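Undergrad: Chain residues, written in single-letter form:
There are 2 protein chains.
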Amino acid sequence: MTTSPSAAASHPRLDRLPHVVIIGGGFAGIATARGLAKKKVRVTIIDKHNFHTFLPLLYQVATAGLEPADVAYPIRTIFGDADNIFFRHGRVRDVNHVASVVTLEDGTPIPFDHLVVATGATAAFFGIPGASSYAMPLYSLADARHLRNRLLLSLEDADVQAESTPVALNFVVVGGGPTGVETAGALSELISIMIRRDGLRLDPAKVRVLLVDLAPRLLTAFPEKASAYAAKELRDMGVEIEFGRSVVEVEEHAIRFADGERLETAAVIWAAGVTASGTLAHDLQVTPGPGGRARVTPDLRLVESANVWAVGDAAAVPRTSTEFCPQLAPVAIQSGRHCAAQILRVLEGEPTEPFEYRNKGIMATIGRHAAVAQLPRGGIIKGTPGWLAWLALHLFYLVGFRNRLRVMINWTWRYFDWPSGPRLIVADAETAD
Amino acid sequence: MTTSPSAAASHPRLDRLPHVVIIGGGFAGIATARGLAKKKVRVTIIDKHNFHTFLPLLYQVATAGLEPADVAYPIRTIFGDADNIFFRHGRVRDVNHVASVVTLEDGTPIPFDHLVVATGATAAFFGIPGASSYAMPLYSLADARHLRNRLLLSLEDADVQAESTPVALNFVVVGGGPTGVETAGALSELISIMIRRDGLRLDPAKVRVLLVDLAPRLLTAFPEKASAYAAKELRDMGVEIEFGRSVVEVEEHAIRFADGERLETAAVIWAAGVTASGTLAHDLQVTPGPGGRARVTPDLRLVESANVWAVGDAAAVPRTSTEFCPQLAPVAIQSGRHCAAQILRVLEGEPTEPFEYRNKGIMATIGRHAAVAQLPRGGIIKGTPGWLAWLALHLFYLVGFRNRLRVMINWTWRYFDWPSGPRLIVADAETAD
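First to last, the protein sequences are chains S and W.
Counted from 1, the first sequence has number 64 at position 64 by our numbering; the numbering is strictly sequential.
Counted from 1, the second sequence has number 83 at position 83 by our numbering; the numbering is strictly sequential.
The reader is advised that the hints may include incorrect statements.
[Said to hold, decoys possible] The calculated DSS-like cross-link candidates involving lysine-lysine, where the alpha carbons are at most 27 Å apart (straight line), are: (1) Lys360/S <-> Lys382/S; (2) Lys48/S <-> Lys232/S; (3) Lys225/W <-> Lys382/W; (4) Lys225/W <-> Lys360/W; (5) Lys225/W <-> Lys48/S; (6) Lys206/S <-> Lys48/W.
[Claimed, not checked] Selected chain S positions facing chain W (Cβ under 7 Å, derived; list incomplete): (7) Asp299; (8) Val303; (9) Leu375; (10) Trp413.
[To be verified] Here are some chain W residues the structure puts well away from chain S; computed CB gaps all over 12 Å: (11) Pro18; (12) His49; (13) Asn50; (14) Leu66; (15) Thr77; (16) Thr108; (17) Asp113; (18) Gly199; (19) Pro216; (20) Asp236; (21) Gly238; (22) Pro318; (23) Arg319; (24) Arg345; (25) Gly379.
Derived from the structure by calculation, the hints contain no laboratory data.
Nothing here was measured: the structure is a model prediction, and the numbers come from that model.
C-beta atoms are modelled at their ideal positions from N, C-alpha and C, and glycine is treated no differently.
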């Protein structure tokens, strides 16, 4: 970024360059901006947060294994050495793709030559009563902090009640995909550490971590062998798993299932699925595709638009003529990169190329020593090798060497079961005293 | 702490032991509990936070040099290996020292044999209109996070306005003691890093960090030579210092001085002084001493009480017959230790001993390479040696090796001016999206 106080407005060279506006600083938005860094365009990234969040590790922040700043990185700093990239802190109120102007909530109009919609995904509650109010999703740093505070406060309360009548403590994780599996495993670990290390007076028999899913197995995107392995590992850690269960209502302190059972809960963690964020479809006047995602042409432009692009979880990126790419970090990164290249091609007057997703495999971790990875050609790695691969890959993709170092320290601590960990309850509504 | 689920209530040996209740998990409370660990008493620490906060480094959290979890440590974990120490998360509603019972806000009565009041200090606003509402103190982790968000948001707003009409940005620090000096220095560093590293479009000439004090010099507890050195260092870093200035009102976005000047402000940081926390005097029916602190006998018991003690910033600890100890971390730690020893003496039927403060010197840091320390015998150390001494001492006293390691990493990063740092705006009122 330029360090001149006058910046773009008065910089003659920058001012004449085509202006690319990117909405969203997640994997897809950052990858797009990286592809445009130091090229002959002026780029503005708009995000409501001043930081990029490394979503795959949010569940560790929620379960007090990592600290919020470990998985977040200031967007300005990512592009500190790219003179043509600017960050704008704010929320988008409206997109006018006829006039090619984005309007922010504070009224500022931002005209663009090309617009990249990289607004990501958010939890899908499928209209289940109470779910959006009482179930806790995991799609932002704020979500992770809320969940951590809830978990730690529940455990403190249970410790107090252990003095008189011990009560049962049920944590229910809804959804058996990677997020659900990882969160259930980490939560189970947290509870056992706090009992062992912090003298929490809890009867382990009275604390349940329950993972429920409508499907008949975990990790449905993986081969059956991987699902069976994950289920066995989780059960060994004390997680109860129940398949074929459908949630019909979430209450403040309970969950109700289709079979009539009502279970008192200390927290319901919502990992049941995602939908595209925001009011994209409405603003862009497009018919949304699967999961609320924007339908795009093979080169990632919105259908019927010449200069509006959509990438990552916000887009229904075609994989074949009938299938779409999954909503995964590698798709977000690859589609962002592709989009940047295509914008440059359009500006050069060259024809665009279709996006092709290169499957690099998928992985999920279950606990210390246990992870499962599916390789692109169908093989799976599991156990300690899978776990080491998971560690290496996540450290590699995490932004910033300082963050990597600090994350490694926390992982080392937990691995060797040394005392401490960021088990702080810093409530949002905390008063100044 | 015991790991048995039944714990104290059903543990025959622990149940028969005298019960010491400590209110507050700051330096004084933790030092008291440490002195009682593994002794023949049962100890309950009550705190509204589940963590101990290392207050001397809060200003670095506020200025985005450290992360909240770096300066906080779960109280349970500190005493993880002491079977006789329990933590109770909660707030005290009432102390009945006649019946020897503390009542928590949730109504739970906690009877005690000995009570230690270690409730610490909080910002003193001296009745200045608007100060308690709009000025930002620095006495808790929540304070530090609020201040950090305010500072970073002001800088983001100023960056946006740089596109049209650059505005002046005034940060006013009220109070020239160690907290004020350290905060002003760190804030000035933060701004220069963000301009240099993050491409913040700010005209350095339009950003002022102003330190005001009624006194004619900084760091009045230090010799004049140290004050002059601190003032020179701060001015070299770009901090403006104005002495003899009295604040008469703080508004939401302005400050007014006794001489009639009204200055628009982006933030007013309140480092003007402290007063004892809470409604101690009222509950204990004692006449408060200087600064709202509890008057104590030389052995640290409340005047007129046989089993209620006060330590740290909450107590007016006598130093000589006419003087009191300053409100500093070393006094808190030493008085906590002394109190623990005296409680054990009383329980053994031995006479108590008077507290004697051993002055280990005082220190304040101004920025990279610059700190000033006053030695017990009156000499001062300054410059790089002072700064290294400051670093070593703070790392030594910080609780937990993991925290020390992570703090060292952050300091190394800032020292060498490498990119990144925890410059995240994580708003308290943030919604889940």
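Undergrad: State the violated hints by number, sorted upward, taking the hints as numbered earlier in the document.
TA: 2, 5, 7, 8, 9, 12, 13, 14, 15, 16, 18
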